[in-house]
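Peer 1: Residues per chain are reported as follows:
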Amino acid sequence: MKPLAKALISRMPQLTVLRSAETALENAKRNQPDIRLTIGDLAAAPPLAGHDSAIVIAAGPSLHRHNPVAEIVSSGYEGDIVAADGALGYCLRNGLVPDYVVTLDPHPTRICRWFGDQNLASRRDGDDYFRRQDLDPHLGTDELARNQELLALVNRHGPSIKAVICTSADRSVATRCREAGMTLYWWNPLMDDVDRRESVARALYRLNKVPCMVSGGNVGSAAWVFTHQVLRRPEVAVVGMDLSYPPGTPLTKTQYYTELKALFGDRAEEAMTPIQNPHTQETWHADPAYFWYRSCFLELAAQAPCTTFNCTEGGVLFGDGVEWMPLREFLASRSPARQET
Amino acid sequence: MAEFLKGNYELPKGKTPKPSASPKKAKRKDLTSEFEERALSKLGGSLCFVMKKNTFVWSGEGDEAARQSAD
Numbered sequence: 000m001k002p003l004a005k006a007l008i009s010r011m012p013q014l015t016v017l018r019s020a021e022t023a024l025e026n027a028k029r030n031q032p033d034i035r036l037t038i039g040d041l042a043a044a045p046p047l048a049g050h051d052s053a054i055v056i057a058a059g060p061s062l063h064r065h066n067p068v069a070e071i072v073s074s075g076y077e078g079d080i081v082a083a084d085g086a087l088g089y090c091l092r093n094g095l096v097p098d099y100v101v102t103l104d105p106h107p108t109r110i111c112r113w114f115g116d117q118n119l120a121s122r123r124d125g126d127d128y129f130r131r132q133d134l135d136p137h138l139g140t141d142e143l144a145r146n147q148e149l150l151a152l153v154n155r156h157g158p159s160i161k162a163v164i165c166t167s168a169d170r171s172v173a174t175r176c177r178e179a180g181m182t183l184y185w186w187n188p189l190m191d192d193v194d195r196r197e198s199v200a201r202a203l204y205r206l207n208k209v210p211c212m213v214s215g216g217n218v219g220s221a222a223w224v225f226t227h228q229v230l231r232r233p234e235v236a237v238v239g240m241d242l243s244y245p246p247g248t249p250l251t252k253t254q255y256y257t258e259l260k261a262l263f264g265d266r267a268e269e270a271m272t273p274i275q276n277p278h279t280q281e282t283w284h285a286d287p288a289y290f291w292y293r294s295c296f297l298e299l300a301a302q303a304p305c306t307t308f309n310c311t312e313g314g315v316l317f318g319d320g321v322e323w324m325p326l327r328e329f330l331a332s333r334s335p336a337r338q339e340t
Numbered sequence: 000m001a002e003f004l005k006g007n008y009e010l011p012k013g014k015t016p017k018p019s020a021s022p023k024k025a026k027r028k029d030l031t032s033e034f035e036e037r038a039l040s041k042l043g044g045s046l047c048f049v050m051k052k053n054t055f056v057w058s059g060e061g062d063e064a065a066r067q068s069a070d
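Sequence lines, in order, name chains A and B.
Per numbering that gives the first Met the number 0, residue 0 is the first one in the first sequence, and the count goes up by one each step.
Per numbering that gives the first Met the number 0, residue 0 is the first one in the second sequence, and the count goes up by one each step.
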């Protein structure tokens, strides 16, 4: 790992606090009047018999390299599907309506686009994030038309989807989810040590009495935590959990390119860490945030009460606490269609 | 971190900055550090992450023991 990458990764927790904590708190206060149901209301319901497993669909590039949703749909899998917000469009376009969609990022304008942004045509903020991102490349071209398509899909299927929404999310996301007919279940981010008297999480809980849940720093990890903690599934498969960029991805197509270039100029590439996956033999590249997410996930997986199967078939999430397994193999013993063959 | 950051000007050769003795220079340095932190913060993750005592979900004092994940 290059010294720049190492220096940035060591500061990730601090930089994340600087980036997100203040906005998350403000959003929690703004969302306060709209809170009705929480993840506690979902936890109260007992797990359905025979539904021991669930699949979390994160929004990594492997979704678009392997198309796992096609595999899931053709298998007739009946377990819960929990999608990260960035994966919602991909799921719906491919005929899979998730049971839950999880969202948490406090960004004021970007997150709403995962649900279809009613105000996109009038937005003139010059943000090119969606043209560079690889979470859902489909949205990065012909943006207005693709956004209209997504609006229609989410409006059609919204009533069937439960939104698992963090109080840190911008109010526009809650508004959009409600407009689409989703039922919202709220959670607070567990963002600091609740044993400390000045704990922000404790203060949030006092404000809104909403359960505080560990997020792992990103929505894909939060979706996985939700699945084993709230839905209480003993087996959780994840797809699209790459936490990195595929071989050959130009730096310009990574999420933090603009910021890295502005800060480090020609040395921006030194912020990336190559990691060889022993299962695929491919070398993927993690930026400091992804590397940190990976470390967080592995730390959580070691303590989780579930068996975690990484069925992504790409990326860099491997290690103790995570079982690497092709999706087809996971589905083979857990889907009616596959069991009949 | 300062050694990695792209600068926007070069110091004249042969001249080294003197240790800051005046409050004005100290304040400028604090502002620079703050600017640097704010710029770097754009690289931060989506949300803060904390994990303590196997507690994935916390719902107030009374529920803490009930919400700890079983081994």
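Calculated directly from the structure, the hints in this document are not laboratory data.
Treat the hints with care, since some could be wrong.
Reference excerpt, derived from the structure (chain B facing chain A, CB under 8 Å, subset only) [to be verified]:
| # | residue |
| --- | --- |
| 1 | A1 |
| 2 | F3 |
| 3 | L30 |
| 4 | F34 |
| 5 | L42 |
| 6 | G44 |
| 7 | N53 |
Heads up, the beta-carbon is just placed ideally off N, CA and C, and yes, glycines get one too.
Peer 1: Hint by hint, work out which the structure violates, then give me just those numbers in ascending order.
Peer 2: 1, 3 and 4
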